[in-house]
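Since chain A is already given, all that's left is putting chain P on it; use the hints.
Protein chains: 2
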Amino acid sequence: MTSNDGDAAPDAELLTATTELGDALRELIETSVTTTVAAGEVAAAAELVRAATARIDATRRSASQLPRLDDPSEGRRVFNPVTGIANPMAPPLVVRQDGDGVVAEATLGLAYEGPPSFVHGGMSALFMDQMLGSAAGAAGLWGMTAHLELDYRGPLPLQTPLVLRARVESHEGRKAFITGTIALVSDPEKILVEARGLFVMPRPEKQAAYFGAITDATGRHAPPRRPGDATALRLA
Amino acid sequence: MTSNDGDAAPDAELLTATTELGDALRELIETSVTTTVAAGEVAAAAELVRAATARIDATRRSASQLPRLDDPSEGRRVFNPVTGIANPMAPPLVVRQDGDGVVAEATLGLAYEGPPSFVHGGMSALFMDQMLGSAAGAAGLWGMTAHLELDYRGPLPLQTPLVLRARVESHEGRKAFITGTIALVSDPEKILVEARGLFVMPRPEKQAAYFGAITDATGRHAPPRRPGDATALRLA
Numbered sequence: 002m003t004s005n006d007g008d009a010a011p012d013a014e015l016l017t018a019t020t021e022l023g024d025a026l027r028e029l030i031e032t033s034v035t036t037t038v039a040a041g042e043v044a045a046a047a048e049l050v051r052a053a054t055a056r057i058d059a060t061r062r063s064a065s066q067l068p069r070l071d072d073p074s075e076g077r078r079v080f081n082p083v084t085g086i087a088n089p090m091a092p093p094l095v096v097r098q099d100g101d102g103v104v105a106e107a108t109l110g111l112a113y114e115g116p117p118s119f120v121h122g123g124m125s126a127l128f129m130d131q132m133l134g135s136a137a138g139a140a141g142l143w144g145m146t147a148h149l150e151l152d153y154r155g156p157l158p159l160q161t162p163l164v165l166r167a168r169v170e171s172h173e174g175r176k177a178f179i180t181g182t183i184a185l186v187s188d189p190e191k192i193l194v195e196a197r198g199l200f201v202m203p204r205p206e207k208q209a210a211y212f213g214a215i216t217d218a219t220g221r222h223a224p225p226r227r228p229g230d231a232t233a234l235r236l237a
Numbered sequence: 002m003t004s005n006d007g008d009a010a011p012d013a014e015l016l017t018a019t020t021e022l023g024d025a026l027r028e029l030i031e032t033s034v035t036t037t038v039a040a041g042e043v044a045a046a047a048e049l050v051r052a053a054t055a056r057i058d059a060t061r062r063s064a065s066q067l068p069r070l071d072d073p074s075e076g077r078r079v080f081n082p083v084t085g086i087a088n089p090m091a092p093p094l095v096v097r098q099d100g101d102g103v104v105a106e107a108t109l110g111l112a113y114e115g116p117p118s119f120v121h122g123g124m125s126a127l128f129m130d131q132m133l134g135s136a137a138g139a140a141g142l143w144g145m146t147a148h149l150e151l152d153y154r155g156p157l158p159l160q161t162p163l164v165l166r167a168r169v170e171s172h173e174g175r176k177a178f179i180t181g182t183i184a185l186v187s188d189p190e191k192i193l194v195e196a197r198g199l200f201v202m203p204r205p206e207k208q209a210a211y212f213g214a215i216t217d218a219t220g221r222h223a224p225p226r227r228p229g230d231a232t233a234l235r236l237a
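From first to last, the protein sequence lines stand for chains A and P.
Sequential numbering from 2 applies to the first sequence in our numbering.
Sequential numbering from 2 applies to the second sequence in our numbering.
Hints may be right or wrong, so weigh each one.
Identical copies look the same in the list; a pair holds intra-copy or inter-copy alike.
Derived lysine-lysine pairs resembling DSSO-like cross-links, with alpha carbons at most 27 angstroms apart [stated by the list, open to error]:
no., residue 1, residue 2
1, K176, K191
2, K207, K176
3, K191, K207
Hints are computed from structural coordinates only; laboratory data are not their basis.
Computed from a prediction, not measured in an experiment: that's the story for all the values here.
The shape of chain A in the complex, shown without the other chains:
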């Protein structure tokens, strides 16, 4: 077993394997929350999962070191919990520019359930926060969430294609005011969730305090400093 530590360049083989693991885990999570097989089979699956962990836990990065596959200068964050292709908690949302904002589609499984057969209300908030941050990134801004508010006009059904949108309404200095919506792909004009957010770029001294210890995979200092860095934007 060799370590790829110290290699910051995108590595096609690693990206393929990492994406494959993310996809496999996403499928296993959804299967695990819906399976009706006997307890013995579930226990056997748990044993295989522990074996998978044993294959990859020999060397691990710390929270201050970015992943090998990330490129903050491009806004590529493969483990982002909403947009990261390799984070199995992420659907993932594939965010792309559309007109003066950003758009993404998602169809959510039972792992995202709140009230029976509907998306958890907090998941809508999680996705909207990411979409608002991605809209900031697409507009050449970046910031951290200072205020977020959401109106829920109707529940979002599971297993149904959803369309998520966001755009920067205005910005001044370090502040950006951003709005977003969620609707069904089949009825895009009927807004079911509406979000408004204020994103603020931290002052230089705060940025130094928050991100002063962050390094890339080679150990070089790599704080968020360009659009998308802190908001995990990945335009497809």
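Here is chain P on its own, set in the frame of chain A:
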């Protein structure tokens, strides 16, 4: 392989195996986003994960059928994405009554990251939505999120014990106004995230429209109808 379909009673062996799989997946997710091993090992882990899925995908429930282990009358929802012991996306938050509200602690790993080394702002929103719903349940109320707003006063560090609180401030008819906070366990008076929410119990005709097709694992109609049902409260 036998199916446990039709058995709605809590099944200790199934609960143990299901919890074990949830725990194993939670550990694998965190390992997968932090590992620095070579691509070949990551690919081998993906293969094991696909084998795990194959062990449990023979029979699956639909979105309108509750899991065998759930008991809506007790508010037990094992796959809730925030509090569910068997949903690997959930830390899980173990929510308990405390004074006139509810409290939970959590230490979040890199799978929950937004800006480098900090919790994703949307994750705070997801957790607060759940805590507000749990506070409603603990007060004998239930409802679905109608409005949620959050002020972010400071970023939440990863790998650091957090304390989350919520309580019902007032309620009238079908509406409940609920607040919540997140702070560091080491500095609980300094509020880093503050949330306010309006939760509304749907009118009977809406409840019928939303949940009319929901059944328990035996096929009996089982809409949310008691505190905790729709908010996935599990008091420990």
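Each hint, compared with the structure:
1. For a Cα distance limit of 27 angstroms, the shortest separation of K176 from K191 across copies, 24 angstroms, qualifies, whereas the shortest one inside one copy, 29 angstroms, does not.
2. When the C-alpha separation of K207 and K176 is checked against a cutoff of 27 angstroms, the pair qualifies only within one copy, where the shortest distance is 15 angstroms, while the shortest distance between copies is 40 angstroms.
3. For a Cα distance limit of 27 angstroms, the shortest separation of K191 from K207 across copies, 17 angstroms, qualifies, whereas the shortest one inside one copy, 40 angstroms, does not.
Consistency with the previously given hints is maintained throughout, with no hint failing.
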